[in-house]
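Could you put together the complete structure from these sequences and hints?
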Amino acid sequence: MNNTIEKWRKSNKLNKLLNFKGFIISLTKIENTDANSQGPTHFWIALAKIENKSNLLLQLVNESQNPKIGDKVKIVLRRVKNPNKTEIIEYGYKFKKIN
Amino acid sequence: MKVYIKGGYQTKFGELWDKSLEDLIFESVKFALKDANFDIKNVEVIYIGNMLASQIYNQNHLNSLVSEIFNINIPIIRVESACASGSVAVNQAYTVLKSNLYKNALVIGVEKMTDIPSKKISKFLMSAASSSERLSGITFAGLYALIASKYFSDYKITSRQLADVSIKNHFHASLNEKSQFPFKITLDKYNNSPIIASPLNLFDCSPISDGACTILLSSEKQKNSVEIVASKVATDSISLDKRENICEFKSTKIAALNSFKEAGIERKDVDLLEVHDCFTIAEIIALEDLGFYKKGEGYRSSKEKDSYYYGKLPVNTSGGLKACGHPIAATGVKQVLELFNQINGRSGKRQVKNAKVGLAQNIGGTGGTAVVNILKK
Numbered sequence: 001m002n003n004t005i006e007k008w009r010k011s012n013k014l015n016k017l018l019n020f021k022g023f024i025i026s027l028t029k030i031e032n033t034d035a036n037s038q039g040p041t042h043f044w045i046a047l048a049k050i051e052n053k054s055n056l057l058l059q060l061v062n063e064s065q066n067p068k069i070g071d072k073v074k075i076v077l078r079r080v081k082n083p084n085k086t087e088i089i090e091y092g093y094k095f096k097k098i099n
Numbered sequence: 001m002k003v004y005i006k007g008g009y010q011t012k013f014g015e016l017w018d019k020s021l022e023d024l025i026f027e028s029v030k031f032a033l034k035d036a037n038f039d040i041k042n043v044e045v046i047y048i049g050n051m052l053a054s055q056i057y058n059q060n061h062l063n064s065l066v067s068e069i070f071n072i073n074i075p076i077i078r079v080e081s082a083c084a085s086g087s088v089a090v091n092q093a094y095t096v097l098k099s100n101l102y103k104n105a106l107v108i109g110v111e112k113m114t115d116i117p118s119k120k121i122s123k124f125l126m127s128a129a130s131s132s133e134r135l136s137g138i139t140f141a142g143l144y145a146l147i148a149s150k151y152f153s154d155y156k157i158t159s160r161q162l163a164d165v166s167i168k169n170h171f172h173a174s175l176n177e178k179s180q181f182p183f184k185i186t187l188d189k190y191n192n193s194p195i196i197a198s199p200l201n202l203f204d205c206s207p208i209s210d211g212a213c214t215i216l217l218s219s220e221k222q223k224n225s226v227e228i229v230a231s232k233v234a235t236d237s238i239s240l241d242k243r244e245n246i247c248e249f250k251s252t253k254i255a256a257l258n259s260f261k262e263a264g265i266e267r268k269d270v271d272l273l274e275v276h277d278c279f280t281i282a283e284i285i286a287l288e289d290l291g292f293y294k295k296g297e298g299y300r301s302s303k304e305k306d307s308y309y310y311g312k313l314p315v316n317t318s319g320g321l322k323a324c325g326h327p328i329a330a331t332g333v334k335q336v337l338e339l340f341n342q343i344n345g346r347s348g349k350r351q352v353k354n355a356k357v358g359l360a361q362n363i364g365g366t367g368g369t370a371v372v373n374i375l376k377k
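Protein sequence lines, in the order shown, are assigned to chains A and B. The first sequence begins at 1 in the working numbering and counts up by one. The second sequence begins at 1 in the working numbering and counts up by one.
Fair warning: there could be bad hints in the mix.
To be verified - If we take Cβ atoms under 7 Å as the criterion, some of the chain A residues that face chain B in the derived model are: (1) SER26; (2) LYS29; (3) GLU31; (4) ILE45; (5) LEU56; (6) LEU58; (7) ILE69.
What the hints assert, rightly or not - Pairs of lysine-lysine, DSS-like flavour, derived with a Cα cap of 27 Å: (8) A:LYS29 <-> B:LYS150; (9) B:LYS242 <-> A:LYS81; (10) A:LYS10 <-> B:LYS119; (11) B:LYS242 <-> A:LYS53; (12) A:LYS29 <-> B:LYS120; (13) B:LYS150 <-> A:LYS97; (14) A:LYS7 <-> B:LYS242; (15) A:LYS29 <-> B:LYS295; (16) B:LYS120 <-> A:LYS85; (17) B:LYS156 <-> A:LYS68; (18) B:LYS120 <-> A:LYS81.
What the hints assert, rightly or not - Label-pair ranges, simulated between beta-carbon atoms: (19) A:TYR91 <-> B:ASN58: 29 to 39 Å; (20) B:ASP188 <-> A:PHE20: 41 to 51 Å; (21) B:GLY311 <-> A:GLU87: 57 to 67 Å.
Since the hints were made in silico from the structure, they are not lab data. Positions of the beta carbon are idealized from the N, C-alpha and C atoms, including for glycine.
Here is the structure:
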């Protein structure tokens, strides 16, 4: 997503799923970062069943240690990309492990 | 109206640094026409499958690029359906001949991927996924890793069963001089390869490849012609998280069901398969979705060596996407050409005995598009 207006349009919907809870039904640790990312060399992606909603695929926040299938998660707001030339900091959903 | 394949040609798949997109198109068309003993002046329409030229080379409008290469002015249509672009191109040519609008159609599948860094290719390939998937940072290896992880959890298989698929496809590729990786691998080599996206390692993943493949379809039969008795396309949601069950591809199941119905044949009549093993788990799931194995038992195909060229139901005798290579849009056309060659008894060291009916299954994205083509002598 590179267009500023598209980012703004998407940000208007970011409160819809915030704090929803669910549990992990599938999980992978990606060892190669994508072309846009300047972030860590690996990160976790989870597919989770969200309460009263369909499944959702999101990155897990870094502090979620040793995730596994069945773990409970909640949806939080985090920075999802580093600022580009527009200097817009892009936020989106991530999963955070909860007890 | 019946539709036949008259001939075809596949370029070598791999890192072809000395060949451009145009070179690949020219080579595959020239030798496909030679194989079919056909003059390009008699081709009435061309379908060209391609996914990435617009992103890698800023080259849209492949239609007129082909026109310029061959100095022709017939209808030429570009087809894009991610990794299923080639098979959808075959399907479109089949449909137009079936409807009797034309008698002779050329199908080209081409991709030139190795001129740019692999990270950029990964990014471009993700244009076949949804925007929310892209935002998560996931790659296609990651998407299929999620499928594998869920499959492992539900059906109690491990990477050991994925290894069987990879070892078998490399074995077949070792018998195919056109393959990108014409060598065998051992279980040790598989086990010692780096993880790309857990649980998938390097030898679970198809490579980045250059290559082209062309076939000539015709409503007129000639010696060595093989009939396409069915060609069906089905679709599903672009997002993996919108699926009810990620351990199967609904699009493959629908395309298969409709293809068998159109062909009027049963699964027991099929002699060999070319299926979409972009990642090893995809081959196991394809065998189940196509109805050749019960759910959770697709791994038996390679474990029990049924899928070897000398086995009960050979699978991916070309080496598959894993080892023959995966130049995106060329793959679907190559699958069909492999079946054509096998049925005509010209597959050399990997020849399947008495092959008469073959089925090809090609996937776009994570099953957002599926194509099933069935060939019969």
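Now the hints, each set against the structure:
1. SER26: Since chain B brings a Cβ to about 4 Å from A:SER26, closer than 7 Å, the hint holds.
2. LYS29: Holds, because the Cβ-Cβ distance from A:LYS29 to chain B comes to roughly 4 Å (cut-off 7 Å).
3. GLU31: holds, 5 Å
4. ILE45: With Cβ-Cβ at 5 Å, under 7 Å, it holds.
5. LEU56: holds, 5 Å
6. LEU58: OK, holds: A:LEU58 within 7 Å of chain B, min 6 Å.
7. ILE69: Nearest chain B Cβ about 5 Å off; hint holds.
8. A:LYS29 <-> B:LYS150: holds, 13 Å
9. B:LYS242 <-> A:LYS81: OK: B:LYS242 and A:LYS81 at ~24 Å, within 27 Å.
10. A:LYS10 <-> B:LYS119: Status holds; Cα separation ~26 Å.
11. B:LYS242 <-> A:LYS53: holds, 11 Å
12. A:LYS29 <-> B:LYS120: Given pair A:LYS29, B:LYS120 holds - Cα atoms ~20 Å apart, limit 27 Å.
13. B:LYS150 <-> A:LYS97: holds, 19 Å
14. A:LYS7 <-> B:LYS242: Holds, because 22 Å separates the two Cα atoms, which is no more than 27 Å.
15. A:LYS29 <-> B:LYS295: Cα-Cα ~26 Å, so holds.
16. B:LYS120 <-> A:LYS85: holds, 19 Å
17. B:LYS156 <-> A:LYS68: holds, 16 Å
18. B:LYS120 <-> A:LYS81: holds, 16 Å
19. A:TYR91 <-> B:ASN58: 29 to 39 Å: holds, 31 Å
20. B:ASP188 <-> A:PHE20: 41 to 51 Å: At 45 Å between Cβs, range holds.
21. B:GLY311 <-> A:GLU87: 57 to 67 Å: holds, 59 Å
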